[in-house]
Each structure stands twice: as structure tokens, then as C-alpha cells.
Amino acid sequence: MKKSRFAFLLLYCLLTTAEVGKCIEIEELLSEYEEVADLSKKTRTESLGHYVVITRKELDIMQAHNLSDVLKSVKLHSYIPNRFGIYQLISAGSIPGVNTSYRLYIDDHEVSSIHTDNPFLMFDNYSLDGINHIEIYYGSGAVRLGNEPSLIIIKLYTKEPSRENSSTIRISSSNKKDYTLSFNDARVIKDNISYNLVVNHSTLDFSSYYNGSISRDIKGNYLFLKFKYYDTSIDLSYVNVKRDVFGGLAPDFTPTASKTSSEDLYLNLTQRLLPDKSLKINLSVDLNRRTGEFENEITGGGVFSPSFYPDPIDPLKIPIYYYEKRNLNKYTLYASKEFKSDSNSLLIGGSVKLKENTIDTVKYATMTGNNTTDIITPLTKVVLYTAFIENQFNITDKNLFIASLKVDHHHRNGGYKQLADYIARLGYISFLSDSLYIKGFLNRVYIPPSFYKIEMSKSGKDLLLEKLTGASVELSYKKEEHSIALFYDYTKTKDMIDFLPYSENIKKPLESHYVSLDYQYKFNLKNWISIDLFKSFNNFDDMSSTDGGYLKMFNSTDRFDLYNELIYRKGFKILGKDIKDSLNYNVGITYKVSNTTSIKLKGENILNSSPKSVFILPQRDVVSFPSFERKFVFTFEKVF
Amino acid sequence: MFKFIFLILLINLSSYGEDNLAKYEAKIIEKIVVDITGKSNPKICVIDYPSSYIQQYALSLILTNCTQADFIISSSDKRSDYNKPILVVGSTEFSSHDVVGVVFWKKGRPQVLFINKNIRKFDIQLPEEYRKYIIRKEGTLNVKSDS
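For the protein sequence lines, the chains are W and R, in the order given. Counting in this note's numbering, the first sequence runs from 1 upward without gaps. Counting in this note's numbering, the second sequence runs from 641 upward without gaps.
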């Protein structure tokens with residue numbers, strides 16, 4: 001039997017694998033299995049908008065250890081720090097402020113700061129050790145998640161324990177002397193009972209400026225535990241981030257001291273009911289605890305805090321020291337039910353969300369002495385009532401029509417008027433041929449002012465909702481190994497809230513046109529190349545890069561993974577100052593010593609050409625700082 | 641980076657499906673059993689493993705009872721009294737000396753392993769392409785074997 005085995009196997013291959021025209025080796029079969037079983041194929045949701053998926057395989061080859069490693073190349077955007085040193089994902093050309101229209105999810109839970117409605121204060125460098133894949137939706141007008149309105153939705157999906165069955169430790173260290181210690185354990189205990197645990201401690205050291213006066217170093221501790229019991233899922237997350245907050249509240253950008261400490265704890269329960277699991281109930285509690293301490297010389301403008309900043313300016317009344325301790329809580333109940341037939345899917349749902357904003361302590365000092373105060377704003381409580389409906393109808397098996405409507409009512413205390421508005425969207429997806437696909441949306445969205453924006457306003461009660469209307473279309477073509485996608489988006493924003501330096505509505509409507517072209521060529525399942533080019537046209541002054549793109553090369557073999565990434569952002573001019581083009585080049589090489597041990601080396605911003613954050617000082621001087629350090633990271637990873 | 645879905649357009653647009661996963665799992669089982677036995681239509685029996693996967697997607701395998709089978713496919717850590725080679729699918733833990741191979745998920749990837757001691761017990765000659773999947777040390781990749 002042994003002698004005839006080879007001849008037989010050859011014959012078997014020819015007979016049984018004729019459908020793919022070749023004899024498939026076990027390694028190739030495993031790769032194909034991994035590809036079709038990719039969890040992102042299960043989770044992506046067409047009705048949320050135009051999307052980009054970063055798969056598990058891509059995250060691995062990229063050595064993407066934290067969220068920043070992924071978001072820095074997102075098309076039509078820049079990922080650069082704001083004046084608090086917090087990385088912000090901002091649309092091309094706009095300013096890195098504290099954007100309220102980006103929603104970040106970890107599985108079913110949305111993690112924006114309760115104070116700012118912005119997720120990045122604690123999550124801009126969130127550890128990806130427990131994350132399987134990432135989806136980014138250009139989802140203006142998406143309603144099915146039932147949360148605050150959004151323009152961009154970033155969804156992080158945690159690892160599936162049945163696919164892990166392992167413990168992993170990771171140690172990373174860089175030439176900047178920052179480091180990461182990480183532990184991930186994900187296993188199935190019994191059928192339908194599983195857990196995923198992540199513990200991570202990270203430090204990030206950045207260059208300081210003005211003789212060490214400003215810095216944006218970060219120390220973060222991250223804990224995540226997901227426990228699944230049949231159709232019940234309980235998530236517990238704790239994040240603690242301490243930051244040197246860069247320019248902070250110093251108008252001259254050279255504070256004497258500038259620090260924050262932030263904690264985020266959430267407990268999230270998701271229950272799926274009914275035999276088809278079409279009824280989903282979600283209950284969650286979020287607790288944010290924050291302290292901030294800011295100090296600046298009076299000659300530099302002191303500390304800017306709208307509540308104490310007098311107008312007209314009297315130097316004796318300007319704070320030179322400011323300390324704040326704040327507690328914020330959020331309680332959410334969400335329910336949705338999906339009704340499906342052969343050609344139609346109807347989703348209805350609603351949510352109630354209570355947000356509490358309590359100032360624990362405020363202390364400040366002026367040239368004339370110290371003071372404390374009890375309260376900054378009378379707005380301490382907002383209840384958001386939401387009802388939504390989304391219908392997807394298959395006109396034919398190649399044409400899908402989507403219509404959605406979400407109605408919100410914001411009940412606010414402290415004499416603030418009630419806000420009521422709606423989000424509406426029409427979408428259409430069609431396969432024009434087997435390889436050509438078109439997808440388009442018309443949408444109308446509103447963005448409410450956050451606690452933070454209200455507090456930063458001279459007259460928070462008069463702040464209006466931002467109202468956006470827009471349209472987007474995506475044309476995708478795929479033939480064999482080639483994929484091409486052309487994307488266009490138009491957005492018009494009325495009453496946009498900006499910091500001037502107080503937050504206020506801008507009367508002039510802002511209009512933006514975005515165009516992008518993406519191309520991917522797959523040599524095979526282990527080697528591929530991705531190219532992106534984008535351009536934006538805005539009717540406002542450029543505050544960041546308007547054009548850009550990237551080139552990414554993914555290569556994998558049995559023993560090595562190689563990643564090359566070149567991110568381009570075009571330069572721009574601001575108040576007469578030229579900001580140069582940037583070419584952020586990153587290279588990662590992984591050597592798989594064995595099936596359980598890897599050593600990795602990653603060079604970040606090797607050309608020392610990083611996109612810049614630009615800030616305008618009171619005297620209309622312009623200062624700029626590179627967003628990314630040139631550094632080399634060494635990683636050791638062991639699987640048990 | 642854009643991901644395309646060029647199957648038919650359904651409400652839940654996705655090329656992911658349990659059927660698709662079952663198909664690939666069954667194809668892997670089929671290939672391993674055929675390669676190891678050297679037979680064009682080997683006989684197998686299943687223990688705690690869906691026979692429908694085999695019937696639908698592994699057409700060269702013949703389902704029979706375990707006494708007559710060339711190979712046993714099992715998804716659980718159960719001892720066998722049949723003295724037949726066992727392929728465990730979906731579990732990383734086993735204790736039987738008859739387990740010659742394991743198909744499982746670890747660290748987000750599907751993997752196969754063959755246990756050297758147990759292979760020798762059945763005098764199995766693995767084709768060259770499987771050599772790198774043979775484990776000679778106990779505890780490798782956390783597969784628990786008392787062999």
C-alpha cells in the first residue's frame with residue numbers, strides 16, 4: 001500500500017480537486033478555510049454605510065498593537081493630536097479639536113467620553129491585544145445602533161474564544177524607552193460558555209518641546225473581560241489613562257503644568273432572545289472619573305477656562321492655576337427587534353440613556369489668591385430618548401433598498417431647553433454585474449452639543465444643534481485578483497460648533513466634497529498590496545491636510561511576516577506658514593521562531609516625516625508639532 | 641482594503657456562513673483521511689460530529705459504523721474501544737492513545753497536528769506535506785496528550 005500511495009494520491013488530487021483545477025495541499029486548504037471563516041465577513045453591516053475592514057490577518061502582519069497603528073492611515077482623514085495631546089481622527093482639512101461625531105464601539109458597547117462625546121481621550125491608543133478585527137463605517141446617518149448621531153463609526157470586535165483557545169503574553173519596548181506588557185487569555189470553558197480576558201499596561205513617551213515645558217506622555221492600564229453564557233454576554237472594561245496634556249488650557253501653548261488622569265469603567269450586558277435571536281436587549285452602566293490640573297504664567301495668558309475667563313480681560317481675574325475633579329455616569333437601556341422575510345428585513349428599536357455630569361471639586365487661583373467653587377454649569381443631567389426604524393428591501397436579488405429614520409428627544413435640566421430632532425437616510429445597493437457594485441446614500445443628520453461644548457460656550461443655552469445633509473456613492477469593481485473602489489461624499493454642515501476660542505455656532509454653512517480611489521491586488525492569500533488616494537474640497541481654511549493616500553504591502557511566509565506602509569499627507573498653508581508634505585513610512589518584520597513564539601521589529605516614521613498638528617496662538621502666531629515619533633519597537637510574543 | 645461581497649445580494653450580505661465553514665472543515669477531514677489511508681473511498685465513522693457535513697461535502701468518504709471504519713472522526717475527548725485511528729476535530733484536548741491527528745482553532749487560525757507516538761502505533765506513513773505538523777514533544781501547542 002505504501003508504494004502505491006504517491007501514485008494514488010496524485011490520481012485522487014486530479015479527480016477530487018478538479019473544481020479548482022489543481023491539487024490543494026493541506027496548507028493551502030487551511031489558508032482558504034481561514035479566509036472564508038474570517039469573522040469580519042460575519043459582522044459587517046451594509047446598512048451602516050460605506051466601510052473599510054481591517055482583518056485579523058492584516059492586524060497581525062501590521063503589528064498593530066494599539067488603535068493609533070490603524071487609524072493613522074484611515075482614508076479621507078488625519079489622525080493627529082489636539083492641543084491636549086489626544087489623537088483625533090479628523091476629516092481632511094479640518095482642525096484637531098474635540099470632535100463629537102465619531103463613535104467607537106467595543107463589540108456592542110459605545111465608549112465615548114460622557115463629557116465630550118468623543119472616544120479618544122481614553123481610547124486613542126487603546127490596546128488591540130483582545131481585538132479580532134476592526135470595521136470603519138463612513139456611516140453618516142446610520143441609526144441601527146441607537147446611539148448619539150455619528151458621521152464615522154469605528155467598531156472593534158473582540159476575539160472569539162472558540163477561535164483562540166490560548167493565552168498570549170506580549171512584551172514590547174522601543175528606543176524611546178516606552179514599553180507594553182500585555183496578557184490575553186481566551187478560551188471555551190464548556191460548550192456555549194467562554195471568556196476573553198485582556199490585561200495591558202502601556203507607556204508612550206513622546207518628545208517634549210520648549211525645554212520640556214510641554215509633553216504628551218501617556219501611561220495607560222487596560223482591563224477587558226468578556227464572559228459569554230449561551231446567548232448572554234457580559235463585558236467588563238476598565239481603562240485608566242494618565243497624560244501630560246501638551247498645550248492644555250494655556251493660550252500660549254507653554255503651560256507650567258498640564259496633567260489629566262481619567263478612568264473609564266463600564267459593565268455591559270447583552271442578551272439575545274427568541275429562537276432566531278432577533279430580539280436584542282442591551283443594558284449598560286458607564287462611569288467616568290476625571291481630574292485635570294493646569295497651571296500657566298499670567299504673561300502667557302494664564303489658564304483658559306470659560307467659566308472664569310473674564311471678558312474684557314482683567315489680568316487680576318485670570319486664573320493661573322486650575323484644578324477640576326469630575327464624575328460622569330451613563331446608564332443605557334437598548335432594545336431592538338428584527339423581522340425578516342425572504343426579501344425584507346425590518347428593524348425597530350429604541351433606547352433610553354441617562355447621562356449625569358457632576359463636578360466634584362473645582363479649585364483655581366488668580367494673582368490675588370486661591371478660590372474654590374461648587375459648580376461650573378447648571379446642566380448636570382441629560383436623558384436621551386430614542387426610537388428608530390430601518391427597513392431593507394430586496395427589490396430583486398441584486399438590488400437592495402434601505403430606508404431608516406431615528407427620532408431623538410434630549411431632555412436637559414438646569415433650564416436648558418429640550419432638544420428634539422431626527423436622522424433620516426435612504427440607501428441603495430446594486431450589483432450591476434458579477435464584478436461591479438454600486439452603493440449610495442442620501443442622509444440628514446444632526447449633532448447635539450456635548451456637555452463640554454456647552455461649558456466652553458459663553459452662552460451654552462443658546463448653542464444650536466449642528467445640522468448636516470449629504471450624499472455619498474461608492475462604485476466597486478472586482479475582477480480576479482484586482483479590486484478597485486471609487487468613493488465620493490458631499491456634506492453640508494449648518495450651525496457647526498467651533499471653538500473661537502469659546503464654542504459657538506458658525507453662521508456660514510460649511511461644505512465639503514471628498515473623493516477617494518482604492519486599489520488592491522492579491523498575489524495570493526498571503527501576499528497583497530493596497531493603495532489609497534484621496535482628495536477633499538472644502539469651503540473653509542485648511543487646518544490639516546486635504547489630500548493624501550497610502551501604499552501598504554502585506555507579505556507572509558511560514559517563518560516571516562513583512563509589512564511596508566507609506567502614508568502620504570499633502571502639505572498646506574495656514575496664516576502664511578507652510579506645512580510640508582509628510583511621508584510616514586512604517587516597516588514591520590515578524591520572525592516566527594516556532595508555532596508559539598514570535599519576535600518582531602517595527603520601525604515607525606522611519607523617514608522622520610510625520611503629519612503635523614497645527615495650532616494658532618492668540619497673537620495669530622502658528623505653532624506645529626509632529627504627530628508621530630521616529631522610533632523602533634521590539635516585541636516578544638509567546639502563545640501558551 | 642475595501643472588502644467586497646460578490647455573492648448574491650441578500651439582506652445579510654455576507655460570504656460568511658455556517659455551511660461554508662462546514663464545507664471547508666469537511667474538505668480538510670476528507671483530505672487527511674484519504675491521504676493517510678491511501679484509499680480513494682475510505683470508510684469512516686463519526687462520534688459527536690455532524691455526519692451531515694461529511695455527507696454533503698466529503699463525498700469520497702463512506703460513513704459506516706466504527707467497527708468497520710478505517711478512521712474515526714470525533715469532536716470530543718472520548719476514549720475509543722475500537723483500536724482505530726482517530727481524528728479529533730474542534731478540540732485541543734484528548735487523552736486517547738488512538739488519536740493520530742487534531743484539527744482545531746488556535747490564536748485565530750485553523751490548525752492541524754499529528755501526534756508522532758500515535759501515528760507510529762498505527763504504522764501510518766504521513767505524506768511529506770504533513771511532516772511539519774507532526775508534534776514529537778508533549779505539550780506542544782497546548783494539546784494535552786497522555787501518550
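Just so you know, not all the hints are guaranteed correct.
Claimed, not checked - Think about it this way: if two alpha-carbon atoms lie no more than 25 Å apart in a straight line, the pair counts; the simulated SDA-like pairs of lysine to any residue are:
id, chain 1, residue 1, chain 2, residue 2
1, R, K679, R, N756
2, W, K507, W, K592
3, W, K592, R, K679
4, W, K340, R, D659
5, R, K746, W, L525
To be verified - If we take Cβ atoms under 10 Å as the criterion, some of the chain W residues that face chain R in the derived model are:
id, residue
6, I24
7, K159
8, R163
9, L225
10, P251
11, D252
12, V362
Because the hints were derived from the structure by calculation, they are not lab data. Yeah, the Cβ is synthetic: ideal placement off N, Cα and C, and Gly gets one too.
Verification of the hints:
As the CA atoms of K679(R) and N756(R) are separated by approximately 21 Å, the hinted pair is consistent with the 25 Å bound. Distance check on the hinted pair: K507(W) and K592(W) sit about 57 Å apart at the alpha-carbon level, beyond 25 Å; violated. For the proposed pair K592(W) and K679(R), the alpha carbon gap of about 35 Å is over 25 Å, so the pair is violated. Taking the CA atoms of K340(W) and D659(R), the gap is about 20 Å. The hint holds against a cut of 25 Å.
The straight-line distance between the Cα atoms of K746(R) and L525(W) is roughly 19 Å, inside the 25 Å bound, and the hint therefore holds. With 10 Å as the threshold, the beta carbon of I24(W) comes within range of chain R, its nearest partner Cβ sitting at about 7 Å, so the hint holds. Given hint, K159(W) at the interface with chain R, holds; its Cβ is 7 Å from that chain's nearest Cβ, closer than 10 Å. A cut of 10 Å between beta carbons decides the hint on R163(W): the least distance to chain R is about 5 Å, and the hint holds.
A least Cβ separation of about 19 Å between L225(W) and chain R goes past the 10 Å threshold, and the interface hint is therefore violated. Given hint, P251(W) at the interface with chain R, is violated; its Cβ is 40 Å from that chain's nearest Cβ, farther than 10 Å. Interface hint at D252(W): violated, since its Cβ lies 41 Å from the closest Cβ of chain R, which is beyond the 10 Å cut-off. Hint status for V362(W) relative to chain R: violated, with the closest Cβ pair at about 45 Å, above 10 Å.
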